[in-house]
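A.B. asks: Next come the chains, spelled out residue by residue.
Number of protein chains: 4
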Amino acid sequence: MIDGFPAGLAIDEEPINRELARRQGGYGRGGRQRIETDKVEVMTGIWKGLTLGSPIALQVINRDYKLERLEDLPRPRPGHGDLTGAIKFLGPIRAILERASARETAVRVAAGALAKQLLAEFSIQVYGFVDELGGVAIDRPENVDDVDAMIAKRDESIIYSLNPEQDPQFKELIDKTGKAGDTLGGIVEVRVVGAPFGLGTHAQWERKLDGKLAQAVMAVQAIKGVEIGMGFEAARLPGSQVHDPIHYDPMEQESTNLGYTRPTNNAGGLEAGMTNGQTIVVRAAKKPISTLRKPLESVNLETKEADAASYERSDVCAVSAASVIVESVVAFEIATALVDKFGGDSLEEMKARYQLFMDMARKR
Amino acid sequence: MIDGFPAGLAIDEEPINRELARRQGGYGRGGRQRIETDKVEVMTGIWKGLTLGSPIALQVINRDYKLERLEDLPRPRPGHGDLTGAIKFLGPIRAILERASARETAVRVAAGALAKQLLAEFSIQVYGFVDELGGVAIDRPENVDDVDAMIAKRDESIIYSLNPEQDPQFKELIDKTGKAGDTLGGIVEVRVVGAPFGLGTHAQWERKLDGKLAQAVMAVQAIKGVEIGMGFEAARLPGSQVHDPIHYDPMEQESTNLGYTRPTNNAGGLEAGMTNGQTIVVRAAKKPISTLRKPLESVNLETKEADAASYERSDVCAVSAASVIVESVVAFEIATALVDKFGGDSLEEMKARYQLFMDMARKR
Amino acid sequence: MIDGFPAGLAIDEEPINRELARRQGGYGRGGRQRIETDKVEVMTGIWKGLTLGSPIALQVINRDYKLERLEDLPRPRPGHGDLTGAIKFLGPIRAILERASARETAVRVAAGALAKQLLAEFSIQVYGFVDELGGVAIDRPENVDDVDAMIAKRDESIIYSLNPEQDPQFKELIDKTGKAGDTLGGIVEVRVVGAPFGLGTHAQWERKLDGKLAQAVMAVQAIKGVEIGMGFEAARLPGSQVHDPIHYDPMEQESTNLGYTRPTNNAGGLEAGMTNGQTIVVRAAKKPISTLRKPLESVNLETKEADAASYERSDVCAVSAASVIVESVVAFEIATALVDKFGGDSLEEMKARYQLFMDMARKR
Amino acid sequence: MIDGFPAGLAIDEEPINRELARRQGGYGRGGRQRIETDKVEVMTGIWKGLTLGSPIALQVINRDYKLERLEDLPRPRPGHGDLTGAIKFLGPIRAILERASARETAVRVAAGALAKQLLAEFSIQVYGFVDELGGVAIDRPENVDDVDAMIAKRDESIIYSLNPEQDPQFKELIDKTGKAGDTLGGIVEVRVVGAPFGLGTHAQWERKLDGKLAQAVMAVQAIKGVEIGMGFEAARLPGSQVHDPIHYDPMEQESTNLGYTRPTNNAGGLEAGMTNGQTIVVRAAKKPISTLRKPLESVNLETKEADAASYERSDVCAVSAASVIVESVVAFEIATALVDKFGGDSLEEMKARYQLFMDMARKR
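Protein chains in written order, with numbering that gives the first Met the number 0: chain A, 0 to 363; chain B, 0 to 363; chain C, 0 to 363; chain D, 0 to 363.
Since the hints were derived computationally from the structure, they do not count as laboratory data.
All of these numbers come straight from a predicted model, not from anything done at the bench.
Fair warning: there could be bad hints in the mix.
[What the hints assert, rightly or not] Here are the simulated lysine-lysine pairs, DSS-like style, with alpha carbons at most 30 Å apart:
#1 A:K362 / D:K350
#2 D:K362 / C:K303
#3 D:K293 / D:K303
Bound-form chain A, shown alone:
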């Protein structure tokens, strides 16, 4: 259920379904993903293909859904919400795990895909990729802000990286890990190209865009770290090597930076909680999948006796999927910030306001 979209935006379901399929893919997924093929259904908020300005309900049916027949799990799996949820709610583990499952992210991906359609109207592009997997760094091209080229490259890679040539190495790593009954994590990066100045604000901590991005990303299942721009590396260098000098180039006046160019982008497009006309860069660390085929030590909740954790069908590596999900939640936060700044009940009004602001800002 999404609220706040302006009226009059044409919605196309095909790109939404494409993102849903991407979420299900990536090398290292098990049988579960092969059963389901997610499709979005837009249930309300649309008339003749255009948004109405009222809330939009998206539905992604779980074709694998046979929850009512499933039994409870006796032994909580470390890394999941099994133990803590069962105690918090004083109830069965099954009631926790189905909701805590990353399955829930399907609809967040759908919402992100919708958000990208709004962003496209303002020439804002968002894409994500896998930057490191199982501790192995991945080379990236120089033209990392040429979004169309990068998406083409990423879509060639079985793990959604920007360097398909390294794929065989990761196939081997994943296969080997799977055979050992173990799992892998990794690092994903999302870049937003074309965002204007002034999304977010410095004036209230709850409304700072860096904070909002961090919340949305950290709240994705299995994410344990978030960085903006240079991230932790910024803590290790002196200020003269971290902050991005400000230049002025009249030739770029028409671009989103309004002519204020920056030779570096260590800030990752965000200063004082506001966008600064540069590319927004967000990175996230995903821990390995918590359900191991070779299970971890656990306890039977009834008897309190030590035993291996229960096993539910699972994957070896879902970092590729995480890159889709983090891309989606970032897109959604940016779209929200865009609506916050330019508002307007209709897309027509919102676009006119965007233009109005750009004109005023150029004259400041």
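Given chain A, work out where chains B, C and D should sit, using these hints.
C.D. replies: Just chains B, C and D now, with coordinates in the frame of chain A:
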């Protein structure tokens, strides 16, 4: 302005002022901090020393306040909100920087200190320290969850680390950097000992406690990265080395883990957005201070000509202060989560509910 | 989409459907209501008939839905959102009216019916009835807080009043009005019996329960006035005849009033934004249906020429339906206030807390 | 604490203090109001007389403040929050009454006065008056939307009505009631002239402007009823006499109704939760003051013995003050809705957006 505190909590201003003084300290601060000595004033919400259950207004007067006399800044400072704020609000830089200033964190520290008084009623302790400064890691003791001992150690250190013996090394580094007109960043860690099971929830992404902590911490001025537990390292190891096995020890039934012990705490006390009875561990990367005595390249906003950034009196290193601020915002989020879970209009009722839940959870 | 229900509540769809049918009934409805027979579908948040503590999605399919084929309306209907919506959103009237339609209340009735199932666990009963129709007052029995008896009586009445014997008079009035191409409004009343002390709060205006009830009720389509307790009459009498004296009767200690009886209930159960252990009484004025078969004067939005308003199939009188809707939104607000006060992740914990509070309150 | 004001608005404290003085006045107030003379202090959010776009903190010091010395009340006063608050919070009555006191409205009046300064930039005028007192209706002039003339008239009246000639009658009534130890209530009306089309929305019940106004008004101390436009009377007339026909007059194209004139305004400026370019009309019923010099029956909370309610110094009639408070909260809600619709970080941008929308709407 804080809302949601139960009625009947005795408020002590002294520990609040102590935290305010700590925020102003730490080696590497300039003249600014020496002028002001912050004191909190509780303006409403208290009667005869006890909270009323109504909103509490805290005030920390800025004794250095002469804003009305100050001139605007002509050349935005890279790393600050100067440029982006001036464009977003179509106004003067001065109107941005005074609000964006980390000065605002004084009252967030006061709020955190108040939150710690509520947490203390439930035997929950929170403390923060500097874990790395200018790229130099700092050794830490083994008994890192013995909060009183750690606080004693930290309070001996001029940079608020857990290893005062390394202090001379940092004094030298900071002095050298200051002489070069440069600045330093670092990494801080906050630990919450004694939180019960079940704060936060898995059921809605906006209410997951890991997401809320990430937002609060990333929204602190100059923070560019946030980790929970093992953080980015968790992305690099296989699942079998990341997830924390679950054991059961009847001797610990009375503790907050209810007997469910974990030989490791790589999750940092949070699984599926909920606390799991272990110590909560949050880490944050602070970039170096953005105002350099040897200024960075900038542009005069009127003439668009290249020139050095404007200079406002500033410090060389404020990582120690950041450790106080991050500690404060973490304490505030934990207190909020505690109120969300145990609610109750009065402290008396809240404590009875806490006991009630612990009893029910032990019997689950 | 409902959030905040505790886990472990057994959900029964039958009473929800019964309320949906009641919303569609009442004398004076046209053909529209005869086509559809609403049924609720609980889409998520339930496992084996019990709530999970996660959000609950309810769906009521609009069987009459052929929106895509419908044409736009050229001439806005006075009293509806047609004109103002078309201008606000710079778009077609059709895009407004389908969302503004009282059709949306079907799902609010479903949510209210669900709320009543939670309230029933705490012996709180809610019911609504028509108190005045087309300017004609209706007699009411004395035992108006004997909910089961009153519901039985109301369910006998074709207009959902507490005096079925007056039905023929209203049948005649509605028929006559319908023949004249006109419409009727009326006044509905909702009573909540069994609410404990202390729902809502005095401490923040946004959280006062009287304000929240007023918002929820006024936001129901066609409602133009809201009263609590004596309402406007309270403005006309001296204080000595308005305020409810406080007595104490040890025999009633076990009741929700804890022994503090009030010989009158002019306050309608709410003092200073909090419940006071008495019956909550809310009244609402519904204007007549805005679509008249004998249409009002309007303007063609394209040509700006005067013409009769467009006509969409409609009813003569929907005050009975309004009594169901207002009952539902009141039930929902009371359930929300109950969750706010007693919270708890599971119904089991929530009930234990209710008992705990009652015990502490009796000892105060 | 007010958030959301655009940057660049010039703030004038004098009109704020004038409204604070008005709140303290009106015939029928006791000694309490004579002691205090409220003054606002703008504590933050302003630089050189202009708003910064950051939160604005207003303070109105309670000069009568000696709370710490006051004793608790033994016997709750009917009509106040004394009994219900003491039970809810399991604490003293004193801790409730000082917060529940209408004293809190001083700062809401200040916020409303500030809101009116923003509204004035968009030629929106708000004023309130007493329409009925102690059950006696008051005549009103025809030109009730000529705001300047009406304010002049109202400011002549000792009870803030639009008919100062009736003043002697009310003086006598109030004096007589006061001598009898009793109190009076009344009905106030607030009119908003000049609001554009499209504030509020039909699309979500929580965001409908009629609902928000109802909440804000009902949450004012002692208000028991709220009407919009014709209010309860609309429930008694047929649709043909209630709904306001739509005409078109090209001569009025430049006005806020964009040429769509309505010969009547029974809807009170709100259709489907949105403004329709007409005058917004809100009415509220205030019950008599709850503290009577001739006290009502109550109970000693310790002994449970029947006794007269405790007496705190109080007034005979505060309907005039209520007219100021309701005016203030209505102004605040309208300003909020205006910011929601036209947003913009700076007043300059907000005004340009307002103009942009008016131009687009005229062309629709």
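A.B. asks: Of the hints given before, which are not true for this structure?
C.D. replies: none
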